[in-house]
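> Residues per chain, in single letters:
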Amino acid sequence: MKNNQYTEFYAQLEENIRQRSCPVMNAQRREAFLTFSAQGFPSTRTERYKYTDVARDFAPDYGIQLSGGVGESTEFCRPLSKADIDVTPYYNHIADTTDSVVALNTMLAVDALLIHVPSDTRPKHPIQINNILKGKQDTMTLRRILIVMERGAEADVIITDHAADHQQFLCNQVIEVHCDDNSRLNLYEIEETNLMCTRYSNVFIREGRDCSVRHTSLTLFNGHTRNSCRVQLAGEHSEAILNGCVIADKMQRVDNNTVIEHLVPHCTSQELYKYVLDDSAVGAFAGMVHVHPGAQKTSSAMTNANLCATRQAHMYTQPMLEIYADDVKCSHGSTVGQLNDQALFYMRQRGISLHEAQLLLKSAFITEVIDTIPLEALRDRLHFIVDKRMRGELSKCEGCKLC
Amino acid sequence: MEDVTREFVNKDYEYGFHTDVHTEIIAKGLDEDTVRLISAKKGEPEWLLEFRLRAFRYWQTLEQPSWAHLNMPEIDYQDISYYADPTAQARKDGPKEIDPELMKTFDKLGIPLEERMALSGVAVDAVMDSVSVKTTFRERLKEKGIIFCSITEAVKEHPDLVREYLGSVVPYRDNFFAALNSAVFSDGSFVYIPKGVRCPMELSTYFRINAMGTGQFERTLIVCDDDAYVSYLEGCTAPMRDENQLHAAIVEIVVKDRAEVKYSTVQNWYPGDKDGKGGVLNLVTKRGHLRGVDSRLSWTQVETGSAITWKYPSCILSGDGSQAEFYSVAVTNNYQQADTGTKMIHLGRNTKSTIISKGISAGRSQNSYRGLVKVSEKAEGARNYSCCDSLLLGSTCGAHTFPYMDIHNDTAIVEHEATTSKISEEQLFYCRQRGISTEDAVSLIVNGYAKDVINKLPMEFAVEAQKLLGVSLEGSVG
Chain A
1 MKNNQYTEFY AQLEENIRQR SCPVMNAQRR EAFLTFSAQG FPSTRTERYK
51 YTDVARDFAP DYGIQLSGGV GESTEFCRPL SKADIDVTPY YNHIADTTDS
101 VVALNTMLAV DALLIHVPSD TRPKHPIQIN NILKGKQDTM TLRRILIVME
151 RGAEADVIIT DHAADHQQFL CNQVIEVHCD DNSRLNLYEI EETNLMCTRY
201 SNVFIREGRD CSVRHTSLTL FNGHTRNSCR VQLAGEHSEA ILNGCVIADK
251 MQRVDNNTVI EHLVPHCTSQ ELYKYVLDDS AVGAFAGMVH VHPGAQKTSS
301 AMTNANLCAT RQAHMYTQPM LEIYADDVKC SHGSTVGQLN DQALFYMRQR
351 GISLHEAQLL LKSAFITEVI DTIPLEALRD RLHFIVDKRM RGELSKCEGC
401 KLC
Chain B
404 MEDVTREFVN KDYEYGFHTD VHTEIIAKGL DEDTVRLISA KKGEPEWLLE
454 FRLRAFRYWQ TLEQPSWAHL NMPEIDYQDI SYYADPTAQA RKDGPKEIDP
504 ELMKTFDKLG IPLEERMALS GVAVDAVMDS VSVKTTFRER LKEKGIIFCS
554 ITEAVKEHPD LVREYLGSVV PYRDNFFAAL NSAVFSDGSF VYIPKGVRCP
604 MELSTYFRIN AMGTGQFERT LIVCDDDAYV SYLEGCTAPM RDENQLHAAI
654 VEIVVKDRAE VKYSTVQNWY PGDKDGKGGV LNLVTKRGHL RGVDSRLSWT
704 QVETGSAITW KYPSCILSGD GSQAEFYSVA VTNNYQQADT GTKMIHLGRN
754 TKSTIISKGI SAGRSQNSYR GLVKVSEKAE GARNYSCCDS LLLGSTCGAH
804 TFPYMDIHND TAIVEHEATT SKISEEQLFY CRQRGISTED AVSLIVNGYA
854 KDVINKLPME FAVEAQKLLG VSLEGSVG
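Sequences listed follow chains A and B, in order. This note's numbering applies: residue 1 is where the first sequence begins, and numbers increase by one. This note's numbering applies: residue 404 is where the second sequence begins, and numbers increase by one.
Hints are not guaranteed to be accurate.
With a straight-line cut-off of 27 angstroms between C-alpha atoms, the simulated DSS-like cross-links for lysine-lysine are [to be verified]: (1) A:Lys250 <-> B:Lys781; (2) B:Lys781 <-> A:Lys362; (3) A:Lys50 <-> B:Lys781; (4) B:Lys746 <-> A:Lys50; (5) B:Lys755 <-> A:Lys362; (6) B:Lys755 <-> B:Lys659.
Source of the hints: derived by calculation from the structure; they are not laboratory data.
Next up, chain A with everything else stripped away, as it sits in the complex (with noise of 0.2 angstroms):
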C-alpha cells in the first residue's frame, strides 16, 4: 500500500483542513500528522492487530469527504466548532494517540460531534445517531465524536452505521468518552452496512466515580469491521459493562479489541461477546482486564462464546488478565463450539425443520446478549432485526427511502 497516500493528502491540504475545521481540534493535527507518517500502519506482527491486516484495509484509493459533515445543533448534540463548553481538556485527551489509525483520524477529522449532556440532566429520549454512506465514489469519512457527561448527567446514545449505495466505504471512527462523577451512560452501537464496508471504531471512555457505563456493540452485517473499546475506571465504586454481539457469513470479518484498566480499587467490570460465524466468516476478540498495582476489592468477569457453523468459518480468541493486585476476583471464559445435537434433534423430533431448529438456536444464542440492553423499544427492535438478519433478509431493507 501507498502508505504515504494520507501523509501525501495531509501535506497538500493542510491548510485548506485547518481553515474548514476549529482551534481545538487544530491544536492536535501537527503532532497526529508525526505519529501517523513516523508509524504508519500497524502489521499484523503488532499484538493489537494480530487479525486485522490494517494496511490492506487502508489501501484502495478511498475519497476523502472535508466538507459537510455534522448535522445541526439541538439541544445536546452539536458540532465541536460550535461547542458550548471548553472541550479542550475533552478532545483528544484519553485518545490513545500513539495508535496510528487514531492518530490518522485525529490528523484529517475536520469536525467532531459534541454529545454534552450537563450535571443532574437526563435528555428525555434516547439519543440516536444515524450514520448513512452514501456516494458515488469509494470513500473514507472520518467521524469523531466526543461525549462529555457532566457531574450526575444520564444518557443513552444509540449511533448507527447505514450504507446507502455499493461503493467501498471506509469508516475511521474515534469516540471519546468523559464520565464525571455519578453519571450514566448508556452507549449502544449498532451496524448494519454491506459486504463492501469497512469500518474501524475505537471507543475511549474515562470514568470518574460511582459512574456506571454500558458499551453495546452489534456487528448485524458488515465487510471487514475492527472495533477497539478502551475503558479507564479512574474513580471508586464504578462499572463498565461492555458487552458486543457478532452475526457474520460470506466473507465477513470481525474483530473486537477491548481493555479495561482498573486504575483504582472498588470498581466492577462485566464482558459478554457472542459470535455466531457462518460461511468464511473469521471472528477475533481479544479481551484484556489490566489490575493496576493497588486496585483492590476489583470484580471483574469475561466470557466470549462462539458457535462456528461451517469448517471454513475461523475464530480466534484470547481472553486475557494482567493483575497486579491480590485482594480481586477475575475470571474470564471463552468457548467455542456448535450448535447442541440434542437439541436440535428435540425439535425435530416435534416436526421443526433442521434450518428451523438451527435458526432458533442461533437466534436463543444471541438473545442473550441482546437481553441485556434496558432499553425496551431497543431490544424488541433487535430482536426483530437479528430474527430477519438469521435468516439472511436483512441485505434488502424495505421501507428505507434511500435506495
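Given the coordinates of chain A, assemble chain B onto it according to the supplied hints.
Just chain B now, with coordinates in the frame of chain A:
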C-alpha cells in the same frame, strides 16, 4: 496474616552449594570456532557439525524476542562459556572411574549414582554442566531393547536414530533460543523405547549447573515407538551465584502409534536472592509430536526455581485420536518472573487436549500463563479444555493470563476458563477454628490448590514437589 505468610514463603534455597571439582572450561565467546570446538570435543560426525553450523548461521540473523511478559536482563552471548566438562580430569586418570567429588555432589542432591543404593524403580542420567556424568541401569534396560544414554553417546552408538529424529520436532529455525541451542548444545538424554515395550522403570535426568560463567544447553530426545510406554522425569538445580546463568534447552519427543509418554519436570534452578540478584535464566523449548494414531503425551511441570522462566511445553497432535495433557504449577516469589504455558496444535481427527495450569505468585514476582490452542481445518472433532487459575499471595505481585485460541473447524469444542484469587480470610479462619496454625493452614490451602497437578507426578517426585512448594513460598506475603 501477612506476616505469617511472609514467614511461610521464605525458606532458603537448599541446593545452592558449589562443588569444587576440576572443570575444563573453554574460553568465553561464541563464533563458528566455538561451535567447531564443541563438536570436536564431543567427537561428533560431520553431519552433526554441519547441523550446528547451519543453526549458528541462522541464529546470527535473529534478534532476541521481547514479546514475553518478562523484564529480562540483557544477555551478553559473548560473555558466556559454552562448554564446561567436570569429568575431563577423571577421564584422563582412568576411563571408567567417576570423580568421587561428583559422586558426593549427586549424593548430596539425593541422586545416588551407584545402582545398589539408588531407588530401584528409577534409572538416572546425571548431567553436570555440559557433560553426562553417569547413566545408571543401562544394562538392565538394554535387555528390553531400551536405549537410555546421554545424547553424546547416542550420536556415536546409534547415529541413524539420532539423525532421523534430531531437529524433527523442534527445527533449528524454530526460534531464537532453539537456534542457539542447536548450535551449541552439549549434553542431555536420549531415550528410545522399541515397539511394544513398556519401560519397566522411571527414566530420569538430573541437570546440575556447577561451573561459573557458563551456560547449560541441554538437548533431550525421546522416541517412543508403536505401543510403547515410558515415564520420564527431569530435575534440575544450580549453585547460588550473583550472576545470571543461562539455561537454554530443547526437549523433543516423538510418540508413535498407540504409544504413551509421560514427561514430568520439577524445575528448581536457583531463583536468585531476595533482592532479585542472580538466578538462572531458564529459556526452554519443549515440544512433543504425537505422530501416531491414539498416541498420548502428558507434560507435568512444577516450576519453582529460576529467576526467569520462558517455557511452553507444546504438543502437535497430528495422529488421529491422539491425546495430550499439560499440567503445570508455577510458583514465583521475590523477584522471579515466569511466562509459561503450552501450545496444543490439533491437526488430526478426534484429537483431545487438556490444559490445567496453576500459578502462584508471591513477593514482587510476575507470573504469566500464555497458551495457544489451535484447531486446524482438518482436525474434525477436536476437543480442548483449558483451565488456568492464579493464586496471589501479596499485593505487590502480578498474575496474568494470555490464552490464544485459533479455531478453524466447526466441529471443534474448545473451552477456556480462568480465575484469579487470593487465599480468603474465610478459608484461613475455618482452618484456624479447627486448631490448625496459620502457617499450616496456608500450606494446606496452597497444596490443595496445586493438588490437581501434583497428583499427576510419579510418587517420589510428588513428595519432593510438595516439599518444594512449601520451600519456595516461604517468606511470601499473604
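> The structure should be examined with respect to each hint, and the outcome stated for every one.
Tested hints:
| no. | hint | result |
| --- | --- | --- |
| 1 | A:Lys250 <-> B:Lys781 | holds, 20 angstroms |
| 2 | B:Lys781 <-> A:Lys362 | holds, 24 angstroms |
| 3 | A:Lys50 <-> B:Lys781 | holds, 23 angstroms |
| 4 | B:Lys746 <-> A:Lys50 | holds, 18 angstroms |
| 5 | B:Lys755 <-> A:Lys362 | holds, 26 angstroms |
| 6 | B:Lys755 <-> B:Lys659 | holds, 16 angstroms |
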